[in-house]
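Participant: Sequence:
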Amino acid sequence: MVLLAAAVCNRTGKAIISRQFVEMTRARIEGLLAAFPKLMSGGKQHTFVETESVRYVYQPLEKLYMLLITTKASNILEDLETLRLFAKVIPEYCRNMDESEIIDQAFSLIFAFDEIVALGYRENVNIAQIRTFTEMDSHEERVFMAVRQTQEKEARDHMLKKAEELRKMKTKGGTGSSAWSPGFGGGGGGSNNSVGRLDTPVIDTTHNEPVKPYTTISKPSGLSKAMKLGSKTKDVDTFVDQLKSEGEHVTSPMSAPSTVSKMSTSALNQEGVHLRVSDEKYGKIKVGILNNDNKGVQIQTHPNIDKKLFNASSYIALKNPEKPFPLHQEIGVLKWRFQTLDESYIPLSINCWPSDAGANCDVNIEYELEQPTLELNDVVITIPMPTSHVGPIVTDCDGEYTYDRSKNHMIWSLPVIDASNKCGSLEFSIPGHPEDFFPVSVSFVSVKSYCDIQVTEVLTTADVPVKYSSEVFFYVDKYEIV
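Residue numbers for the sequence shown follow the UniProt record's numbering, beginning at 1 and rising by one.
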């Protein structure tokens, strides 16, 4: 069979999502989908209709249709079997069969469609394999998370042990008038550590005024795609409360405690190399890949790619060297994913420090480029603002800012962040509370790849060099400090 396209549409023929597996213009696919409802007739049991050029194979999904468009020469039995597999995929990713849910899960569905059909031909996969391929589950990641949880438990036990030692020291009268001040490291640095860093104890005998100790500390985020920093844990609060109940006061020269932010980031997992052949003379080619990545990126080739050749010589080529790549069609040949809990790998760290200053709240937001080899363009940092009849008073700003009173947010814009201006800050004051300024969202783009994987050459199967061009872009799907 040759499958031209797979789509989910409504009863009027409007496309909700559509994935074309051959070269096809947008006007062409929209015309085919718009003609589909007019071809159906009531009172018939079959679920396919034909025109002079194509065949529609469809299955109702409540108020929607799962629709396959194939050539008339395709095998109708294989078409129906493929249709059933497509129909099973939809509930795997969508809780409800409505347009809004389909749109929300559009990318996940398209990635799943790509696992079912490659270059117009059905792949021999089932639902479980599709889920595995799209999730790219890692045994090493699960082992790492198990070790991480063990370390967290050991850290909590260590804190409880220290608290018990301090209690015994107090009982014996050995603490005197000094106080231990455990400072918990924080900020929007993107760490996913579950226990805050304990700084060197500080003895303070010159200040008597007690203030509330820091109680904000990070918690584990599990196997989510986000990285979080700075939420509370019960054990640390218990530890601090025990110290406070012993009568020792932890003092600080600051007028009020700062709010420690936590970062949550996520990115699209389906990143990689896409190939588009523009000249039919060069359909039978192989692409050389140079992988200088040292971060531990997970790499997966397309099922039709010769995996042995790629592992041996880092060349991307079809398993059948006599078969050409499709013409004028962008296809994904290599995918990779990178997921880590190490804050040193974050491209851009954000620190947000709101401080209650009585009638107003003083806010200091800082950024720092953690990867100096990157150049981030069109950086936009959006800060929610409290509802107020007065605008913010900005005392310092690197870049430009705009305040939108109708939407209650401030937009901090920086055209470029690179090694020459890797740090910057924004300071302002406005009536409100520290929690009013979260979540802070960040967006940017870059023409440099985050993972050092690049195309080095393109050769024919006879090892003749082929002229080619490459485009590289890197963007963030979701980047929040919550």
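Treat the hints loosely; a few may be bogus.
With a cut-off of at most 27 Å between alpha-carbon atoms, the simulated DSSO-like pairs for lysine-lysine come out as follows [stated by the list, open to error]:
no. : residue 1 : residue 2
1   : Lys38     : Lys72
2   : Lys284    : Lys307
3   : Lys284    : Lys295
4   : Lys38     : Lys88
5   : Lys448    : Lys478
6   : Lys295    : Lys448
7   : Lys467    : Lys307
8   : Lys307    : Lys295
Now the in silico label distances, taken between C-beta atoms and shown as ranges [what the hints assert, rightly or not]:
no. : residue 1 : residue 2 : range
9   : Thr25     : Asp396    : 46 to 56 Å
10  : Glu471    : Lys323    : 20 to 30 Å
11  : Ala128    : Ile76     : 38 to 48 Å
12  : Ala34     : Pro60     : 11 to 21 Å
Just so you know, these hints were derived from the structure itself, not from any lab.
Remember, predicted model here, so these are calculated numbers, not experimental data.
Built from N, CA and C at the ideal position, the CB exists for glycine as well.
Participant: Each hint: holds or not?
Facilitator: These are the hints, each one checked on the structure:
Among the hinted pairs, Lys38 with Lys72 is consistent with the structure: their alpha-carbon atoms are about 18 Å apart, no more than 27 Å. Pair hint Lys284 plus Lys307 holds up; C-alpha atoms about 17 Å apart against a cutoff of 27 Å. Between the alpha carbons of Lys284 and Lys295 the distance comes to roughly 32 Å, so the proposed pair goes past 27 Å and is violated. With a CA separation close to 26 Å, the supplied pair Lys38 and Lys88 stays within the 27 Å bound.
Our distance criterion of 27 Å between C-alpha atoms is met by Lys448 and Lys478, whose separation comes to about 18 Å. Under the criterion of a C-alpha separation no larger than 27 Å, the hint pairing Lys295 with Lys448 is consistent with the structure, at around 16 Å. Among the hinted pairs, Lys467 with Lys307 is consistent with the structure: their alpha-carbon atoms are about 24 Å apart, no more than 27 Å. Distance restraint check for Lys307 and Lys295: the Cα-Cα separation of roughly 22 Å lies within the 27 Å cut-off, and the hinted pair is therefore satisfied.
Thr25 and Asp396 have their C-beta atoms about 51 Å apart, which keeps the hinted 46 to 56 Å range intact. With their beta carbons about 25 Å apart, Glu471 and Lys323 fall inside the hinted range of 20 to 30 Å. The hinted window of 38 to 48 Å between Ala128 and Ile76 is violated, with their beta carbons roughly 26 Å apart. In this structure, Ala34 and Pro60 meet the distance hint of 11 to 21 Å, their C-beta atoms being roughly 18 Å apart.
Checked against the numbered hints above, the structure violates hints 3 and 11; every other hint is satisfied.
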